[in-house]
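What follows is each chain in one-letter form.
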Amino acid sequence: MVALIAYIADTMTYVGIFGLLTISLNLEAGYTRLMNFGKVAFFAVGAYVSALLTVSGAPFLAGLVGGMLVAGLLGLLIAIPTLKLREDYLAITTIAAAEIIRLILLNENSYGLGPMGIRGIPKPLSGLFGPSGYPLVYMALVWACLIVWLLISQRIISSPFGRVLRAIREDEVATESLGKDVFLFKTKSLVLGSCMAGAAGSLFAHYTSFVSPDMFMPLLTFSVWTMLIVGGTANNYGAILGAFLIQMFERSTRILKDLVDMPSGAQVNLRWIVIGLLMVIFLMYKPHGVLGERKGKVTPR
Amino acid sequence: MSLLRVDGVSKNFGGLKALDRVSLETQPSTIVGLIGPNGSGKTTLINVVTGQYRADGGTVLFSGQEITDLQPHEVATKRLVRSFQIVRVFPRMTVLENMLVAPRGQSGEGLLSVFAKWAKVVAQERELVQRALDLLRFLEIDHLSDEYAANLSGGQQKLLELGRSLMSEPLMILLDEPVAGVNPTLARKIFEKIVELRNGGMTFLVVEHNVDIIMNFCENIYVLSKGQVVAKGTPAEIQNDRKVIDAYLGG
Amino acid sequence: MPLNVLQIIINSALTGSVYALVSIGLTLVYRILKFANFSHAEMVASGAYIGLALNHIAGQSLFISMAGGFAFAGVLGVGSELLVFRPLRRRGAERISLMVASIGLGLVIRHSIQQVWGSRFLWYDLDTEVYVLKLGGAHATLTSIHIVMLVSAVLLVSLVHLFLTRTRLGKAMRATSDSPVLASACGIDVDRVLIWVWFLGAGLAGIGGVLRGADTRLVPQIGWETLLSSFAVVILGGIGNFYGTILAAYILGFAENLGVVALQSLSISTGYRPAIAFIVLIVVLLVRPRGIMGSERD
Chain A
262 MVALIAYIAD TMTYVGIFGL LTISLNLEAG YTRLMNFGKV AFFAVGAYVS ALLTVSGAPF
322 LAGLVGGMLV AGLLGLLIAI PTLKLREDYL AITTIAAAEI IRLILLNENS YGLGPMGIRG
382 IPKPLSGLFG PSGYPLVYMA LVWACLIVWL LISQRIISSP FGRVLRAIRE DEVATESLGK
442 DVFLFKTKSL VLGSCMAGAA GSLFAHYTSF VSPDMFMPLL TFSVWTMLIV GGTANNYGAI
502 LGAFLIQMFE RSTRILKDLV DMPSGAQVNL RWIVIGLLMV IFLMYKPHGV LGERKGKVTP
562 R
Chain B
423 MSLLRVDGVS KNFGGLKALD RVSLETQPST IVGLIGPNGS GKTTLINVVT GQYRADGGTV
483 LFSGQEITDL QPHEVATKRL VRSFQIVRVF PRMTVLENML VAPRGQSGEG LLSVFAKWAK
543 VVAQERELVQ RALDLLRFLE IDHLSDEYAA NLSGGQQKLL ELGRSLMSEP LMILLDEPVA
603 GVNPTLARKI FEKIVELRNG GMTFLVVEHN VDIIMNFCEN IYVLSKGQVV AKGTPAEIQN
663 DRKVIDAYLG G
Chain C
4 MPLNVLQIII NSALTGSVYA LVSIGLTLVY RILKFANFSH AEMVASGAYI GLALNHIAGQ
64 SLFISMAGGF AFAGVLGVGS ELLVFRPLRR RGAERISLMV ASIGLGLVIR HSIQQVWGSR
124 FLWYDLDTEV YVLKLGGAHA TLTSIHIVML VSAVLLVSLV HLFLTRTRLG KAMRATSDSP
184 VLASACGIDV DRVLIWVWFL GAGLAGIGGV LRGADTRLVP QIGWETLLSS FAVVILGGIG
244 NFYGTILAAY ILGFAENLGV VALQSLSIST GYRPAIAFIV LIVVLLVRPR GIMGSERD
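Those protein sequence lines, which keep their order, are chains A, B and C. Be aware that the first sequence starts at 262, since it is given in this note's numbering, and climbs by one per residue. Be aware that the second sequence starts at 423, since it is given in this note's numbering, and climbs by one per residue. Be aware that the third sequence starts at 4, since it is given in this note's numbering, and climbs by one per residue.
Just so you know, not all the hints are guaranteed correct.
Label pairs and their in silico Cβ distance ranges [as the list claims (entries may be wrong)]:
1) C:W126 x B:G437: 51 to 59 angstroms
2) B:S575 x C:L85: 36 to 44 angstroms
3) B:E549 x A:M377: 56 to 64 angstroms
4) C:V184 x A:E369: 44 to 52 angstroms
5) A:L330 x B:E496: 48 to 56 angstroms
6) A:L330 x B:R553: 34 to 42 angstroms
7) C:T170 x B:L533: 54 to 62 angstroms
8) B:L533 x A:A319: 22 to 30 angstroms
Calculated pairs, DMTMM-like style, for lysine to aspartate or glutamate (alpha carbon to alpha carbon, straight line, at most 20 angstroms) [what the hints assert, rightly or not]:
9) C:K37 x A:D271
10) A:K556 x B:D564
11) C:K37 x A:D349
12) C:K37 x A:E348
13) A:K384 x A:D271
14) A:K556 x B:E496
15) A:K547 x C:E97
16) A:K345 x B:E496
Hints are computed from structural coordinates only; laboratory data are not their basis. Remember, predicted model here, so these are calculated numbers, not experimental data. Glycine included, every Cβ here is placed at the ideal spot set by N, Cα and C.
One chain only, chain A, in its complex shape (with noise of 0.2 angstroms):
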């Protein structure tokens, strides 16, 4: 019974971290039409720097704190040259920035950086739960994230500011004409998006206890995409619902690898062609994902 618990508390722990970067990438895709193909980056900022920095003593809140302004440092760093980029041109290289940052934590040998990675990242609270506790908490604290950026970010698409977002998914030339910043806008929408990545990415190394870069590969990005799409795109509860589906798929790809006889590595092929497959048909007959965008209610009506 309470290894059923744990495992639960797990998948749902990855279920709200997971559900925590399909919502920025939300905020950024779905209402923006950012194609921000480089969220691994921000989720691995998050991680590293939330690791290195409580490795070195600093306590958990420091660590989320400092990973979220660092991603969304690195939002803004990366927004300036490239959001004035067509979409396809901004896909394009987002993923390569991306990549760099993966080279960079790759190839770098100084502050941790390196191939090996971090290990020890302290688990926040774990002295005063036991093991068998432990795991609710943690999964509990996640949760209590999600649902405080879920409240965050649902604010923001029912504000005039989440309004003009909308409009320059529409049209940003017509949302340019009206006299709105749309650059500025996107900025915006960019560099919170990689603070929510960022939390994200914190609270994912301190539950794993490791970070290295190999952790951090573009197939990331692509299954945040999936889960964007199938859950519902412009929809935050479709967004956290595509989580939901996914890493249940995921889940369920592993036990099914412990009922038939398969041979190693093949449950990781199956899920990513099934993951691939999933992008492809929702694309061609369900392009809103399973819930869709819900009509816009202005406040107050």
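With chain A's structure known, arrange chains B and C on it following the hints.
For chains B and C alone, coordinates are given in the frame of chain A:
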């Protein structure tokens, strides 16, 4: 004092002279027409004035201020807005939301205010919604306020675009073929609204192909051909001008 | 450390040759269908792996591998158009949807390859001779595979040039690349021409994969490894411009090899080599997005 003053503006694309030292003036509270055969540079002129294109020569003054090198969003903050030849509404937003994007100085567009001054944002929204509904009523499309803009007919979308421009409380609107593809009755109705607005102090520059409309509603007309102003004057003067007839037939 | 200019030139030509072959298809599809096709990387990979299979079965000839890689990748490319991209376009999908779908398709292909061949390094089994080239005072080494690469690139690029300028289908391709709408209005069956563009483009990428795999090693990411550089080449050369792409391929090849030497002399890890293409990409997009030979209206 003229509201909009275009002085010797030129624009080249590669070797092509799209605009050749074009000069144009509009007085406040008037409706000025801009006509000419296809390809004469009418939309290009609007694009240069509003900052979509950078002028290769000449200046543009609005309200006494130089706006020649400003970005499109900066031009709009000077209270000069435009509509588009192919209408650009926000398809997956409702009519009301379309209207609400436009007003300037919305505190809710600042991220800090969204969290620190939410009550003020809500109050401002309430006002803007009221203003938007009033405008929609004036344009007779208020019954569509909750409809996705994509579901509107072409004519209704043009009305929406006009309403959206008005929401930003401009001094002047550049209309690029506001009634193209719209049935004649609706076209007249739209222009009657424009006249009403003009009487209230608004200034318009209208690019149109519909000669009937132009002659009936514009006080002053400029005729463009091959990037140059070939004639200007009142409708009566234009009608009898040989150069205009040549421009349309010869071009 | 004295610069071995001759070796750098040869290495640049080799890198550039692979990029040239890979980028032709990418640039044509980008121009005609107006989307960045991320699954193009897997045309490179599938060519490389089919070439490997043929190499292990049919023996030593690299040409058999190249032919097989060309054919298989070509068919795969056509398949991707007919099964994924054309249906999406018929449903009114926008260009960014095609791009995202190409990422999904790429995942499917790459992991299918990984499932069949595994993720460990694999090598072509070829008798390779090593030659030393002496020119003036300089000397450089190159292998027989390298010679095949250089000769193949020159031959294939020339063939494609002749094809584009002398044959009806080739001219139709150029017309379509210039303006699909206009080409269609002139009576060209754009859908049919497209199939040939996919076949040829993907096939050439397949050959690029074979050559790269034979020269280095095979790993399922072999296509993805060249993809970002290929995009840099495509944008540098001007999207859809065949001659621009070839020129850009060799320019980037030179930039990368010179860059590696620079990294080494500055004691910076050569793992940063991909960053060179990235920098070229960003600079081009910021300074002159139409590339060397793109036209202003793009």
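These are the hints, each one checked on the structure:
1. C:W126 x B:G437: 51 to 59 angstroms: holds, 55 angstroms
2. B:S575 x C:L85: 36 to 44 angstroms: Distance hint for S575 (chain B), L85 (chain C) holds at roughly 37 angstroms.
3. B:E549 x A:M377: 56 to 64 angstroms: holds, 60 angstroms
4. C:V184 x A:E369: 44 to 52 angstroms: holds, 50 angstroms
5. A:L330 x B:E496: 48 to 56 angstroms: Since L330 (chain A) and E496 (chain B) have Cβ atoms about 31 angstroms apart, the given range 48 to 56 angstroms is violated.
6. A:L330 x B:R553: 34 to 42 angstroms: holds, 39 angstroms
7. C:T170 x B:L533: 54 to 62 angstroms: Hint holds: Cβ distance 58 angstroms, inside 54 to 62 angstroms.
8. B:L533 x A:A319: 22 to 30 angstroms: This hint holds: roughly 27 angstroms between Cβ atoms.
9. C:K37 x A:D271: The given pair, whose Cα atoms are some 43 angstroms apart, is violated under the 20 angstroms limit.
10. A:K556 x B:D564: Since the Cα atoms of K556 (chain A) and D564 (chain B) sit roughly 18 angstroms apart, the hinted pair holds (cutoff 20 angstroms).
11. C:K37 x A:D349: Holds. K37 (chain C) to D349 (chain A) sits at ~9 angstroms (cutoff 20 angstroms).
12. C:K37 x A:E348: holds, 12 angstroms
13. A:K384 x A:D271: Holds: K384 (chain A) and D271 (chain A) sit about 14 angstroms apart, inside 20 angstroms.
14. A:K556 x B:E496: violated, 31 angstroms
15. A:K547 x C:E97: holds, 14 angstroms
16. A:K345 x B:E496: Roughly 16 angstroms between the alpha carbons, so the hint for K345 (chain A) and E496 (chain B) holds.
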